[in-house]
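**Student:** All chains, please: the whole structure from these sequences, using the hints.
Spelled out from the first residue to the last, the chains are:
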Amino acid sequence: MADDQKPKTKLLDELEKGPWPSFVKEIKQAGEKSPVCDDLLGQLELSYEEKKGHWKHGGIVGVLGYGGGVIGRYSDLPDKFPNVAHFHTMRVNQPAGWFYTSDAIRTLCDIWERHGSGLTNMHGSTGDIIFLGTKTSELEPAFKELTEAGFDLGGSGSAMRTPSCCVGPARCEWSCYDTLKTCDDLTRQYQDEMHRPPFPYKFKIKCSGCPNDCVASIARADLSIIGTWKDDIRQDDAAVAQYARAGLDIRKDVCDRCPTRCMEWDGQKLAINNRECVHCMHCINVMPKALRPGQERGATLLIGSKAPIVQGALLSSVLVPFVPENELMDTLKELIRRIWEFWDEYGNNRERVGELIQRVGMANFLDAIGLDPAPEMVAAPRDNPYIFFQKEEAAAEPEPAGA
Amino acid sequence: MSAQAAKRITDIGPPHYDKFLHPVIKKNYGKWVYHETLAPGVLCHVAESGDRIYTVRAGSPRLLSVQTLRRFADLADKYCGGHLRFTSRNNVEFLLDNKEKIEALKKELNELGFPVGGTNNAISNIVHTQGWVHCHSSATDASGIVKAVMDVLYDRFTHEDLPAKLRVALACCLNMCGAVHCSDIAILGIHRRPPKIQHDVLSKVCELPTLISSCPTGAIRTKTVDGKQSVEVVEEQCMYCGNCYTVCPAMPMNDPENDGISIWVGGKVSNARSAPKFSKLAIPYLPNNPPRWPEVVRAVVNIVDVYAKNAKKFERLGEWIDRIGWPRFFELTGIPFTRYHIDDFKHAGLSYARSAHIRF
Ligand code: SF4
Ligand code: SF4
Ligand code: SF4
Ligand code: SF4
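Protein sequences, first through last, are from chains P and S. Just so we're aligned, residue 1 is where the first sequence starts under the numbering used here, counting upward by one. Just so we're aligned, residue 1001 is where the second sequence starts under the numbering used here, counting upward by one.
Some clues are possibly wrong.
[As the list claims (entries may be wrong)] DSSO-like mimics (lysine-lysine), calculated; alpha carbons at most 27 Å apart, straight line:
1) 56/P <-> 1204/S
2) 80/P <-> 33/P
3) 52/P <-> 1196/S
[As the list claims (entries may be wrong)] Only part of the chain P face toward chain S is listed, based on derived beta-carbon distances under 7 Å:
4) 14
5) 15
6) 18
7) 20
8) 30
9) 52
10) 56
11) 95
12) 98
13) 106
14) 173
15) 191
16) 215
17) 259
If you are wondering where the hints come from, they were derived from the structure by calculation, not from laboratory data. Everything numeric in this text was worked out from a predicted model, so none of it was measured. Every residue gets a Cβ at the ideal spot worked out from N, C-alpha and C, and that includes glycine.
**Tutor:** Okay, here's the thing in structure tokens:
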């Protein structure tokens, strides 16, 4: 295409300048092969001029037999920008841990160049590979090539969303369970729930190998799986001394920053009261050569986090304080089954699990899924005396001790 | 079933990650002992076997063309036996087993315009959303603001000179794809006017009961307009969340004059030291001012600079504020405290100061 036919993008051109890599350059680069990018740039420039988006509310489009994985997107100025009249997104399920070979990347690129805009997000917020922009007629051919190459679509809508995980045992010494395997197993286990939305709203699972929580599971997953350990922090005294000699102020930078002040450093020896350690990771983060998570490993399961829509943001809260690594997968499957059953029956339309728990109360939720209450589940017991006693129990209550 | 339909492959899930792991990673899977940072953006993980895997991390704009991805693939072939990965914050990581190749790879990345850094106490890439590039409900753009902010914070990405990690995130509406609500600094697109109801089409394109129940404050009521079934919004009850628009296209929120940006601070996700926490409101409103959003850039840089100057080692932004208190935060940053900073939604009372602990 001759240069004079390229859209004039005075405002966007400004964002090609400066040291940080430019998304405008990326769109223009894709535009060398794919004319739809010119219309994308044209429409985006107009948004920059008018301070207003020009996409319509999504419509329902998809591939045969799936109820998700494609987000319908239409321009509200189809006459002006006909090439982005349809500009749908395909969510392609990422491999666990976002590992690729160069060949896999090239395969994805070739498919998307043939069937879409050539623009991607690596990756979208939930973790999927995002193929940004194509026509309805290209969805099925793109899907066919993807599945033949061993890829599949991720989740969208009121479905189980694509699970994601931290780099875990692949490249992190702190991972307390196999995050990649867990994520991959869960993804395979729930293909139907991912591809055919069955729920009141979305359901997200994220796997972090330790309490550093590199995939933000506690803030972003309905079910947060956070690795932890039960026994003592492994400690290499020689390496601790080495840190001290190298100038680390162990008292100030390690002991005083421990949230439970369970560490002491007398200038020679570091003593940890492991019974009071809350597994926050600070000391281990600061002295990775000297301290390591213990060997009795597993995960803490937490439930309910979400962004503000609809009833306000929530962080996940403890559901199971510790599951040993070898019981993790079975425990997860059983719990997920019970949680979904309850949510399916009692959840309102667009009510996330966390909001349902807020509405019915955690104690009722525990009853419903068959878990006993545990003090690890609360920051503190209630301070309000309006207690709903259960009838049978009030009658059967034994005399208080010492009465 | 026809032969063609029978061949159709579905529900296979993603490729198994095992196929994509670097041989050194495969061999030492789960057997890593410790890691070191060799330079900003360059990590070395050491395994029990004594094997080492080197990681070179580079920032990306998240929105990537296939041309750039192929360039990454070429670099991976040249330096990493074809092995690369991406991080949850949209960085690309090259995995090497040969330390000698690190500098040459860094040089090529820099020449291509992809900065190496984003580790430890550097600002990592800004997690963000689609904005005007690809979403219907955005109150602002995403990529443009990220570009403008990171251009100015570039040196904070390539150097690890902050007191602790600093995680910045952006979402272009309250849906918060990418849940920005637990970030050290969150840039959040907001609307400030109720939806503009399209009475002529509403009853045709939306289900009234779903629409009415979608509003968290119960601000939507049925109303007949010009003989057509429609709704009205009680303006005093509307907090511009856009829930109604999500379920009903006839309730658009876009408003160029009033949409804009709010800034939130002090959230964290990691459990290190203090518990995970939400970001809190710092600046209720800044205008949309494309292409470079100078007001937003100035506000973010100011907060980063004041934090960098005043926080102690290991204090995340929120932990620093916990120590010095919010009044001092507003004083040091020069950000005005307004009525909008006081919560008035559910549980608002929990955020009032319920003690006489006051710093003068
Ligand atoms: S969450 Fe923990 S185990 Fe996973 S990558 Fe982060 S630090 Fe490592
Ligand atoms: S992990 Fe955290 S709580 Fe446990 S000893 Fe270390 S600093 Fe203290
Ligand atoms: S945050 Fe809102 S506007 Fe931005 S991409 Fe998500 S839904 Fe769209
Ligand atoms: S924007 Fe939110 S508060 Fe306002 S009417 Fe819509 S749903 Fe209700």
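**Student:** Identify every previously stated hint that the structure contradicts and give their numbers, smallest first.
**Tutor:** Failing hints: none at all.
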